[in-house]
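Protein chains in written order, with the working numbering: chain A, 1 to 493; chain B, 1 to 44.
There's no promise every hint is true.
[As the list claims (entries may be wrong)] Label pairs and their calculated CB-CB ranges:
| id | chain 1 | residue 1 | chain 2 | residue 2 | range |
| --- | --- | --- | --- | --- | --- |
| 1 | A | 484 | B | 29 | 49 to 55 Å |
| 2 | A | 53 | B | 8 | 31 to 37 Å |
| 3 | A | 201 | B | 17 | 49 to 55 Å |
| 4 | B | 2 | A | 207 | 55 to 61 Å |
| 5 | B | 8 | A | 202 | 55 to 61 Å |
| 6 | A | 5 | B | 17 | 54 to 60 Å |
| 7 | A | 412 | B | 29 | 21 to 27 Å |
| 8 | B | 8 | A | 207 | 47 to 53 Å |
| 9 | B | 29 | A | 34 | 23 to 29 Å |
| 10 | B | 29 | A | 397 | 27 to 33 Å |
| 11 | A | 7 | B | 1 | 18 to 24 Å |
| 12 | A | 5 | B | 21 | 40 to 46 Å |
The set of hints was computed from the structure by calculation and includes no laboratory data.
Glycine included, every Cβ here is placed at the ideal spot set by N, Cα and C.
Here is what each chain is made of, one letter per residue.
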Amino acid sequence: MMNTAQERHLFARLSFAALALTLVFTSLRHVYRFGWVALAFNLVTVLLLLMLLWYRSTRHSLAVWIYALVGTWVVTGFGLVDGLWAGTLSLYGRYFFPNAGIFPRSAPRPFGFEAAAILASVTSVFALYYGFRFLRTISRPLLLIVPLVVIIAGSAWGISQKGSIAGSDDVIRIGVIVPTHGPAAPLGRAFVRAVELAKDKRATHRRYELVIADSGTSPKETRASIERLVYQNNVKAIVGGISLSGQIVKPYATAERIPHLCVCSVQAIGDGVFNFTNIPLPEDESRRWMEEAQRRGIRKIAILAQTYPSIDGHIRALTKEVTRSDARIVYANRFPASTTDFRTMIDEARRAGPDVYMIEAFNPALDILGKQLSDAGIHNVASIVALAISERKDLFEGAWYTDSSVDDDLRARFEAKYPDTPFVAHMIPYAYDSFNILVDGFESRRDIGDYVRGVTRHTGAAGTIERAAGSGNFRSRPAVWVITNGKAHIAKG
Amino acid sequence: MKKLRWIVVVLVVLALLGGAYRIVAERNSAFFSPGQTATSMPMH
C-alpha cells in the first residue's frame, strides 16, 4: 500500500508520461498540416517537466496550477477534441454511419495522420486519469474542480467549433467551382455570373449563399479549392464546370455525399448517384451535326481539328455518326495547338473536294485557321461548339455549328446585366439550370441527394434536359447556330 | 489482472489502428486513382 507522497510521485510521473506521449502524437499529426515546425509542440513537454520539478522542490502551488492547466489544455484540445472527436470518432463514425451528419467532414489524409489521432486520444485518456489521480493527492478541491470544468466546457466548445454539417441549417451554401484565372477564366467568369443571375432571379423560402471557388489551372489547385469548399465552407451541393476539375471534384462529392452537377462533357463524371453532367455529350452534338449536314446535302467532309481531349471526343463521335450515314470523310488532319500555318493542309483538304470543312480548335489556332481559310476563299465551314469561342466571328461568315440551345430571355438578361462578359452558350444555361435544380431540391425539404437522383427531366434555360433513371448524364438536343453579320444566332427551323 | 488489462488496451489500440488503415486505404483509393494526372484528364 502506497502512502500519499508515493502516490503523488507515481501519478505525477505517469500523468507526465501520458501528456508527453499525447504531445508527441499530436505534433506528428500536425506535421501533416503545418510541416515539421509542428514538432515544436513538444516544447510544451519541457514546460510541464519544469513545473513538476519546481513543484517537487518548492511545493509552490503556482507550479502545480500551471501544470494542471497546461495539461488540461493538452488533454482537451489535442486529445479529446482533435484526436478523439475530430480524428478517431469522426473516422469511424462517418464510415459506419455516413448519413448521421454528427461528425465533421474530413479531407482524405494519410494513414499516419489518422493513426496519430487514435494514439493521441488513447494517451490523453490516460493523461486525464493519471492527472486526476495526481491532483487528488494534493488535497485542494479547486485543483480538481477547475480542470474538470475546463475539460467539459472546452470539449463542448471545441466540438461545436469543429462544426458538424447538420448544425448550420439556416443558410444553405452551394459551392461553385470553376477556373476563374488562367486560360479558361472567361468561361469560368461567365459561369459564375450565370449562377449569380439564377440566384438573383429565384424567389425562395430558404436562404442560399454561393461560395465561389477557383479550380485553377492544375489538379493541385483544384484539390485545394474543393477541399476548402467541402471541409471549411461545408457546402451542401456543388455546381461545377470544366471536365478537368469535374473529375477531381467527383470523388469528394461521392465521399461526402454531396450532389455535384457538372457542366462537363466527360460522360464518366456522371455516376447517377452524387455526380451528374448536364451538357450535351459528344454523341448528342455529332448526331445533331450530321442531321444538319444531311439536311444541307453534305456528302463529303474534310476535318481539320486540333488534338485536344474534348475535341477528340467530338471527332470520335462524329466519325462514328458518319459511318451510319451515306456521307464520308474525305480528308482528316489533326494538328497541335501551336500550329500557325494551315495553308498546306487547307490545300490538301481542298484537293479532296469536300462539301464542308469541319473545323475545331481553341484560340489562337482557331482564328488563325479561320483567317487562312477565308484568305483561300473557303467559306463552307462548320463546327461543333468551337466557333462559339471565336473572337473573330467575321472570319466565319456563313459558317454553322452545333451548340446548346439557349433561352432568349436568359441571354437578354445576362447581356443586359453583364455587358462585358461574353455569353457562352454551352455553359451559361446549364450553370443557370444546375443552380435551379438544386434549389428546387432544397426548397422541397427532401434529402437533396434523393431529390437530384429523382430528377429525370428539367425544363429551363437550356430547353429540356433529360436523363434516363440511374444515368449520370442529363442529355439534351443541341441547336444549330449560324454566323451572319459577324454574330452567332440560332438557326430558324 | 493488471497485465490482462494492459493486454486488452494494447489489443483495442491495435484494432483501432488496423481498422483505420483499412478505412483510409478504401477512402483514399477513390480520391487518388492511379494515372489520374493533369494530362490524362480532358478539359471540357
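Contradicted hints - numbers only: Hints 6, 7 and 10 not satisfied by this model.
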